[in-house]
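Residue numbers (my numbering), protein chains in the order written: chain A, 752 to 1021; chain B, 200 to 493.
Check the hints yourself; a few may be wrong.
[Unchecked claim] Derived, one-sided and incomplete: chain A residues facing chain B with beta-carbon distance under 8 Å: (1) Val775; (2) Phe787; (3) Thr794; (4) Arg802; (5) Gly804; (6) Leu805; (7) Gln858; (8) Trp860; (9) Leu886; (10) Leu890; (11) Leu892; (12) Asp895; (13) Ala896; (14) Thr898; (15) Trp926; (16) Asn952.
Note that these hints are calculated values from the structure, not bench results.
Everything numeric in this text was worked out from a predicted model, so none of it was measured.
Just so you know, even glycine gets a beta-carbon here, dropped at the ideal spot from N, CA and C.
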Amino acid sequence: MKGAGRLYAAVAAGGFRRYATYRVATAAGVFTNTVFGMILAYTYIALWDERPGLGGYDQAQAVTYVWVGQGLLSVVAVMGGGFEDELIERIRTGDIAIDLYRPADLQLWWLAADAGRAGFQLLGRGVLPMVLGGLVFRLALPGDAGTWAAFLGAVLLGVLVSFAIRYLVALAAFWFMDGAGVQQLAVLAGLFFSGMTLPLNVFPGALGELARVLPWSSLIQVPADVLLGERTGWALLRTYAFQAAWAAGLLALGRLIQSAATRRVVVQGG
Amino acid sequence: MADRQQQRQRQRQGAPSPGFERVGRSRLMDGLRAYRLIAWMWVRSTMAYRASFAMTLLGNFAGTALDFVAILLMFSRVDELGGYGLGEVAFLYGLSSAAFGLTDLALGSMDRLGGRVRDGTLDTLLVRPAPVLAQVAADRFALRRLGRITQGLLVLGYALTVVDIAWTPVKVLLMPVMLVSGAAIFGAVFVAGGAFQFVAQDASQVQNSFTYGGTTLLQYPPTVFAKELVRGVTFVLPLAFVNWLPALYVLGLPYPLDLPQWVAFLPPLVAAGCCALSGLAWRAGLRSYRSTGS
Chain A
752 MKGAGRLYAA VAAGGFRRYA TYRVATAAGV FTNTVFGMIL AYTYIALWDE RPGLGGYDQA
812 QAVTYVWVGQ GLLSVVAVMG GGFEDELIER IRTGDIAIDL YRPADLQLWW LAADAGRAGF
872 QLLGRGVLPM VLGGLVFRLA LPGDAGTWAA FLGAVLLGVL VSFAIRYLVA LAAFWFMDGA
932 GVQQLAVLAG LFFSGMTLPL NVFPGALGEL ARVLPWSSLI QVPADVLLGE RTGWALLRTY
992 AFQAAWAAGL LALGRLIQSA ATRRVVVQGG
Chain B
200 MADRQQQRQR QRQGAPSPGF ERVGRSRLMD GLRAYRLIAW MWVRSTMAYR ASFAMTLLGN
260 FAGTALDFVA ILLMFSRVDE LGGYGLGEVA FLYGLSSAAF GLTDLALGSM DRLGGRVRDG
320 TLDTLLVRPA PVLAQVAADR FALRRLGRIT QGLLVLGYAL TVVDIAWTPV KVLLMPVMLV
380 SGAAIFGAVF VAGGAFQFVA QDASQVQNSF TYGGTTLLQY PPTVFAKELV RGVTFVLPLA
440 FVNWLPALYV LGLPYPLDLP QWVAFLPPLV AAGCCALSGL AWRAGLRSYR STGS
């Protein structure tokens, strides 16, 4: 057990280092996040000028929401682009057969690698856009360490949910061979239902209620709400329970589908 | 035969100056021909998997429609954004999206250049007897990008039915001019971004902030943004000429920054200037290319 823990820790560290290697790409990503953050922040200011208190946020909270979203975009991989491209490619080429022989759990292996990636993205691409946004706009950031710690907890659970969803997306390649269509669908759902396009509490009526209970809300909306001080005390625990339930459910579903897929897997080539 | 003639005509119009006419003409012809051949090859290859193509086309359409859904959701809560109604925002959105869609269809794969520089596959393009720009631009030509153009035009059509515009012949003429010039301005940004990737290979994302970021910016009214930002996209990176300035003239709305009214007719000139500059940048970038050598 201790050996296994060391193995996955090493895989996670590898994931971290791998993404840390591309410094120019990271800088370019920060730049892009900042530009989009600027554009969105101005549109949100106009929106909240028109309807102060929309969705229960004041203007400073709305602008902060924008920068939390830009900071987390790559961390919770709303647009995909993490491990799943690689896993899909291995399923398509049949290399997955070798992975299934390895004395390591497939799901845990990729989870460890993705956790390493998320850890780097949080430091490398999460912090700077927020700081730059704070230089231009007045942000409603919490002053106490407790809220920041609660936020990190929500981000951690968000990464888990994000991984669980993308693992399912990748496994679809066992049936479709070409994962592009499913991946594209997943990105669309992610962008819309995570709260990246617009905060979910601004969504009208039933659409809003639906969006808030879907797993994607764990990626952006929930962590942002925690940072903005909208979830404290029991509400915070309920929030964690919501995220953890989705994570556990989707991870379990992933294992189930994985075992079904590996029973029917036909390795291509000779 | 007719095709030939058309092509020749195109070259004549595209020739930069009398002195360069001979060389310029044949280079341009080479480029267009190579572009057409490569693009057609990619179209045929995509059409081998029709179901997959239909899915990605739909995905492209839905993906770009998402921005507009966000705007619709905003307007479900407010009547105006920065003093603009939904119809007027839809007008700006449609123009920005359609113009960008045209560029994205023609040059959408330019951001793959950095990858080619890094892994050395650009060398293959250099030894082929066709202009590199045409080869890079046509690389992975994707008809699915028609989805974005369609979506933009649909929103534009919707806007035209809801917004009251006092049409004049000049305004009618300005519409197609705006779309083509706008696409050319975005095209210049794509090519300049490509040139930048010769220097910073992993930085293809920077290009996205000016292309995708630019079209997102232009989807919203200029009154929403800070004066300095509007100044920046008017005088430094002249994205405002894609739709803001000419569209405000058509809509009969006041200009940002107190600009005179005739700036509405500048887009073709601005586009020509941008294309010339980005052409120079591309040359400089290509000259600075050093192969990875392995």
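Hints and how they fare:
{"no.": "1", "hint": "Val775", "in the structure": "holds (4 Å)"}
{"no.": "2", "hint": "Phe787", "in the structure": "holds (6 Å)"}
{"no.": "3", "hint": "Thr794", "in the structure": "holds (5 Å)"}
{"no.": "4", "hint": "Arg802", "in the structure": "holds (5 Å)"}
{"no.": "5", "hint": "Gly804", "in the structure": "violated (11 Å)"}
{"no.": "6", "hint": "Leu805", "in the structure": "holds (6 Å)"}
{"no.": "7", "hint": "Gln858", "in the structure": "violated (27 Å)"}
{"no.": "8", "hint": "Trp860", "in the structure": "violated (26 Å)"}
{"no.": "9", "hint": "Leu886", "in the structure": "violated (13 Å)"}
{"no.": "10", "hint": "Leu890", "in the structure": "violated (16 Å)"}
{"no.": "11", "hint": "Leu892", "in the structure": "violated (21 Å)"}
{"no.": "12", "hint": "Asp895", "in the structure": "violated (31 Å)"}
{"no.": "13", "hint": "Ala896", "in the structure": "violated (33 Å)"}
{"no.": "14", "hint": "Thr898", "in the structure": "violated (28 Å)"}
{"no.": "15", "hint": "Trp926", "in the structure": "violated (14 Å)"}
{"no.": "16", "hint": "Asn952", "in the structure": "violated (11 Å)"}
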